[in-house]
Each structure stands twice: as C-alpha cells, then as structure tokens.
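Visitor: Here is how the chains run, residue by residue.
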Amino acid sequence: MLKLIGAVLVLFAGTMYGFLKALSFARRPRQIRQLIQALQRLETEMVYGFTPLPEALRSAAAAMAEPLSAMFLEAAEKLSGDTGKTVRECWREAVESHWGRTAMSANERDIVIQLGFTLGVTDREDQVKHLRLAASLLQAEEETAWDEQRRYEKMWKSLGILAAAFIVILMY
Amino acid sequence: MDTILPMLPTDLRRIVESVPAPFRQAAEEIRIRERRPLEMIANGEYRFVTPDGGLVRTPEPAYRPSRDDCAKLLDMLTDHSLYTFEEQLKRGYITVAGGHRVGLAGKTVVENGRVKLIRDISGFNIRIAKQVVGIGRNVVPAIWDESSGTVHHTLVVSPPQRGKTTLIRDLARLLSSGGWDGGPNVSAGLKVGIVDERSEIAACVKGVPTFDVGPRTDVLDGCPKAEGMMMLIRSMSPDVVVVDEIGRPEDAEAVREALHAGVRVIATAHGRNIDDVGRRPAMRELLAEPIFDRFVVLAGGRAGTRCEVYDSRGRPVGVPTTVRDNGRAIC
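Residue numbers (numbering that gives the first Met the number 0), protein chains in the order written: chain H, 0 to 171; chain S, 0 to 330.
None of these hints come from the bench; they were simulated from the model.
Be aware that one or more of the hints could be misleading.
Here are some chain H residues the structure puts well away from chain S; computed CB gaps all over 10 Å [to be verified]:
id : residue
1  : I35
2  : D81
3  : A162
Derived DSS-like pairs (lysine-lysine); straight-line CA-CA distance at most 25 Å [stated by the list, open to error]:
id : chain 1 : residue 1 : chain 2 : residue 2
4  : H       : K128      : H       : K20
5  : S       : K115      : S       : K89
6  : S       : K106      : H       : K128
7  : S       : K89       : S       : K190
8  : H       : K20       : H       : K156
9  : S       : K190      : S       : K205
10 : H       : K128      : S       : K115
11 : S       : K190      : H       : K128
12 : S       : K89       : S       : K106
13 : H       : K84       : S       : K205
14 : S       : K190      : S       : K115
15 : S       : K205      : H       : K77
16 : S       : K205      : S       : K106
For every residue, glycine included, the Cβ atom is placed at its ideal position computed from N, Cα and C.
Take these sequences, add in the hints, and give me the full structure.
Guide: Here it is as structure tokens:
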C-alpha cells in the first residue's frame, strides 16, 4: 500500500517537473517578444514624445505583463526617487532583482543590462541606435528560443512522465 | 535652493548642505568644474567650498569635483534623460525643474559650422532662480497706460544677472492679478500670456507653472519666442504678452505683429543701457520705429541695482526705485 502511494507521488512529481520545464520553454520566447515590444514602446516615448526616462519606463511597464512590468516599474521608481544613483545602477539593480522570476536566460539579461549603460545619457539619435541594437540582439535570442521551444517543450512533457514511470518500474 | 539639492549627486549634496545656512540660502550660483575648485556665489561675492562645507577665498583647500561627480550631476540634472534636452544643449544651457538655469561648458561638436551638441561636459553653472514677490510693484505705475487701461509696450534692459527675469515674472503676476497698487483705477487683472522659451519665467513642470505668475496667466512653455507670440495671440487672446530676451530678427517681426494685433508686449533685452541695445541690428529697427513706449533699465552695480523707467523719447518716468540692495533683492 505504502509502495503504491509512493509510486503515485513519484509519478505525479515527475510529471509536474516535466510540465514546469516545458512551460518555461514556452514562456521564454513570449517574454523576449514582450521585452522587444517594450523597447519599441520606449523608443517611441523617448524619441518622438520627448518623455523623460522614468515616465517612459512607466508607460512601457503599463503595456506589459508580470514579471517584466515589475522590473520596469522598479527601475522607474528608483530613478525618480531621491537615491542619487545613475541610470546604469538603477537599471542593473531592477533587472537583477526581477530576473529570477522570468523564464529568460543569461544571454538576454546581459543584453538588457548592457542597454542600461547608454539609456538616457546620450542624444536621441544615439538612443535609437542602442535601443534598436538591443532589440535586434533580443530578436536573435527569440529565434533560438522558439527553436528550443519546438524541440524541447514536447520532449520535457513526455520525459517527465517517462522518467517517473521508469523509477516506478524500478521500485517494483 | 531646496529644489536644487535633490538634483545634486550624494557627495556634492552633502558638501553643499553643510555650507553655513545664511550663505547657502542667499546663494545665487553654484559653479561646478571638473577637477577644479567648487565655487558658490552669494550676495555678489564668491567663495570656494571645502569638502566639509567651509567657505574659503583661496582655491587650494577647496573640494574638487571628480569626473564621476560631473557625470552623475548631468544625469540627475536632466532627470536621467539627456535626450529631452537636445535643443537646449545646442545653446549651452538647460533649464531644470524649479526654473534654475544650468549653464554648461565642455567640448562642442560642430556640424556644418553650427554647434550640434556639447559633449564631455565638465563645467556647470547652476543659477538659482528665486521668485521675489512684489519686486515689480513700483514699476507697474510707470509703465501703465491710463488711457487704454493696459500697459505700454515695455522693454526691460539690463546686463545679465541683475534680475530681468525676476522683474518680468513679477510684472506678469501683478498685471494678471490686478489691484497692483491698491488704487481704484486698476481693479481687474489682465489676460497675460507668457512665452517661456527657456522655462525660466514660470518654471513649468509638465506644463504647470511652479512660480506664481498670476491667476489669469497662460504659459506657453519651451516654445520659440517668435512663433510662440503668434500662437498665443491667435489662440489665447491675451491683453499682454511677456517674453524674455528678444534679439533675433524674427522676434522683432513678432513684436511688430503683436502691435498690430492690439496686444501689449513686455520684453527683455541684454544691454547696459538703451543705446547698447540699439546697436544690435535686429533691435535697431525696433527702437527706430519706435514701438516701445517704456524702457525699464536695471542700472547700477551688482550690490545695488536701481530700476529706472524712460519713455520713448528717453525722458525719465516716475522715480527710480531700488530693486536690489547690498546684493539682496528687495521689494
């Protein structure tokens, strides 16, 4: 009886682990897409609307889903706060504290942090260049992310169940 | 002064905060130059500032702002958004929240013979804007046109740093609120339009003035003067238009336009006296016509500034009033 309960638990845990892994493969490209759209929105706000950075970040955050919106909002809060910190520092802190909740990898994080070095500190022409550069780098990551999703999402779903089933078989 | 502190990076803020209060509160300028002594000017006198906020006359013990200080300062002064100040950067200054003008010096980038932008900014001159309520009270009767119930076309002439902008800000406030002398002849305020190209007169934050410029005043913030005057006349039907620092040919054209539209203009120009202003080509025509009926000249040294009013033939109107005594603005 005890063995049976254990088997069910193992099966359940394995399946869930597989689904979770699969889910993160599905979320990654979608979040990258969101991030690219957010950067485009930021570009519009900054370059055509002359919106100051904190406000531009807020309005970009409003169009995004969690956890990315929280990241942008935190950066905006830090910037408008009385902290005496530069954009680079505020941006990095916001990215680092929220990145764990996203499904994106270290590659995307490096691109985003790199963007923080130039955000707000140069003229409009230059801002456009850097925002577009970041967007195109992210686009490349997005493609590999889609590719990986196609390849690994189904695999992880079945792998979870199969691995669990294997353990159960070994148990008996 | 209190509005400028949050814009300074932590190190500089600490130093400026520890400057003795009387000097700090009277400060007119804070001059920050990379790797050169930190300087503050108050009551017409300059002092260097040591790292612990002491005031000295010699540059040696003074605090020398680092490159990092300057980079942070620029970042914070521009609200982390240098790109929104591009137009102003070309002219060498930016106006920050609170109406303070920050002059900038550094390496200029030139394109087709014109300054495109300033980079490697290493010199900042923060000019602290102060509203002196009532400074124009004695000037209004002298520029008032009794017969038409409004003011004469008025040109305020003064060298830099004598309080031109402070004066016209207060004139706008007085004319807009009416009842400036408590007399029965002026009971109603006028509709006043301010074209605030450099955001200095009204110090608008998101389009709303932070200085008191009167209850019936409309402000066109950040707009080129010539275009802005025409826009205001067409859209806001002002009785009086207030502009700062006219001098280009198109400004003269706009003033002439305003004249024909039945709108009175209060403008300022740089110069020691009226003749000085008349030497500038664009202004020469305006003065020759003559369009301005009143000239307000801020004369005298930095310590004591007198405000003299002349009519179009150069005859004094009213009694000169002291607007600044011992370096301090008085009403």
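Visitor: Give a verdict on every hint.
Guide: Hint by hint, here is what the structure shows:
no., hint, in the structure
1, I35, "holds, 20 Å"
2, D81, "violated, 5 Å"
3, A162, "holds, 49 Å"
4, H/K128 - H/K20, "violated, 35 Å"
5, S/K115 - S/K89, "holds, 6 Å"
6, S/K106 - H/K128, "holds, 22 Å"
7, S/K89 - S/K190, "violated, 33 Å"
8, H/K20 - H/K156, "holds, 8 Å"
9, S/K190 - S/K205, "holds, 22 Å"
10, H/K128 - S/K115, "holds, 18 Å"
11, S/K190 - H/K128, "violated, 45 Å"
12, S/K89 - S/K106, "holds, 12 Å"
13, H/K84 - S/K205, "holds, 23 Å"
14, S/K190 - S/K115, "violated, 38 Å"
15, S/K205 - H/K77, "holds, 20 Å"
16, S/K205 - S/K106, "violated, 30 Å"
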